[in-house]
Amino acid sequence: MNLTIALFGIAREIVGQSQLQLALPTGTSVQQLLRQLQEQYPGLTQLSSLAVARNNEYAQGEELLQERDEIALIPPVSGG
Amino acid sequence: MNLTIALFGIAREIVGQSQLQLALPTGTSVQQLLRQLQEQYPGLTQLSSLAVARNNEYAQGEELLQERDEIALIPPVSGG
Amino acid sequence: MLIELTDLPIDVAAVLQAMQADGAGAVNTFIGTVRNQSTGRRVMRLHYEAYDAMALHQLRRVAEQAQERWPMLQKVAVVHRKGTLAIGDIAVVVAVATPHRAESFAACQFIIDTLKQVVPIWKKEEYEDGTVWVAAHP
Amino acid sequence: MLIELTDLPIDVAAVLQAMQADGAGAVNTFIGTVRNQSTGRRVMRLHYEAYDAMALHQLRRVAEQAQERWPMLQKVAVVHRKGTLAIGDIAVVVAVATPHRAESFAACQFIIDTLKQVVPIWKKEEYEDGTVWVAAHP
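Residue numbers (this note's numbering), protein chains in the order written: chain U, 1 to 80; chain C, 81 to 160; chain P, 161 to 298; chain H, 299 to 436.
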């Protein structure tokens, strides 16, 4: 399946672009996606936290991703 | 000594005027003043509290009043 | 420090202006307005009366106590209205500016809580069928 | 409920207007502004970036959580700024209206505290000699 991952803040700077297009096996979990991105972009492992958002909600590690999902990487938030 | 007692809120309404002129023996305490006023105006004893202010500060019962003091009766406050 | 007792409508924008400080990241503001009911009775309007000299002195003292307790407090304003107020009118505004937010909440709440206990201001509620001095009787 | 994410300066007066309710006696407002320093470094300006769709969704959810926790909450507004801000600029305004004051403080503080934990907005501080994404690294 093809996924588009939106990137923000320091995650965008580490990856060097504001979104990533990935072709992943059907049934890839949030945790597997994170692991793959951290291997590809080691700077992501240095962050205080790194979450995945799926359709505007924080996703759990075991959730399985689907092609139509809106996915984003969420580095430590600092609003307010 | 001659004292002027300023009255506010419900204390003013109970007494029926906005200040009282009293001639009191030198050395009258705050507590003695309160007792005398409560005897004269029994409605004052019905209040949730009744304090005496002396020169813009809350006065303790044992404090002695002096002729130049600015005295006021302070019924329960309800600002805000 | 902005301490005021006024017969005129309170200018909230002016109070907020007074909170500006480059080192202050947090401004907490409490606005007390006249409610349309009190202990189940419909309120028509409110009458506020103050012992002006003492009220100003005590308002200042409350603000100073807050500054002692929260030394990082950078700006503080307390403005209280007097006279006759309609439903929705602003009776009191407390504002504080601090570097960080937790202190702004704590200091602002301390000031309004203490104000209500010690500042000689009295509120008479007017209903359709009478008036009551708030908190006067047990 | 007023929930907004904006590139323009936040209109605090409009937020306060939105708090008007005849049954509300207490309005608590938190205003977060840009400080001139952070962890000892002099800040020149700030850059806020948001994941707009999710940020709005999460802001709304935080406001709804406050309404569930404080059912007496009558009005709530959360407005967050985006883009480049100068020292003293307003980054966020939270306002709540409740019948009594204790709940207004608690609900307002809950909202800003939760916002800072969950809403996908990021702040980059700009110093004379570089920039840092706040809280990004341990």
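Just so you know, these hints were derived from the structure itself, not from any lab.
Mixed in with the good hints there might be a few duds.
Lysine to aspartate or glutamate pairs mimicking EDC-like chemistry, simulated, CA-CA at most 20 Å apart [unchecked claim]:
1) Lys-373(H) to Asp-387(H)
2) Lys-380(H) to Glu-67(U)
3) Lys-284(P) to Glu-143(C)
4) Lys-422(H) to Asp-182(P)
5) Lys-414(H) to Asp-350(H)
6) Lys-242(P) to Glu-93(C)
7) Lys-414(H) to Glu-57(U)
8) Lys-235(P) to Asp-387(H)
These are the hints, each one checked on the structure:
no.	hint	result
1	Lys-373(H) to Asp-387(H)	violated (24 Å)
2	Lys-380(H) to Glu-67(U)	violated (30 Å)
3	Lys-284(P) to Glu-143(C)	violated (31 Å)
4	Lys-422(H) to Asp-182(P)	holds (18 Å)
5	Lys-414(H) to Asp-350(H)	holds (15 Å)
6	Lys-242(P) to Glu-93(C)	holds (18 Å)
7	Lys-414(H) to Glu-57(U)	holds (16 Å)
8	Lys-235(P) to Asp-387(H)	holds (17 Å)
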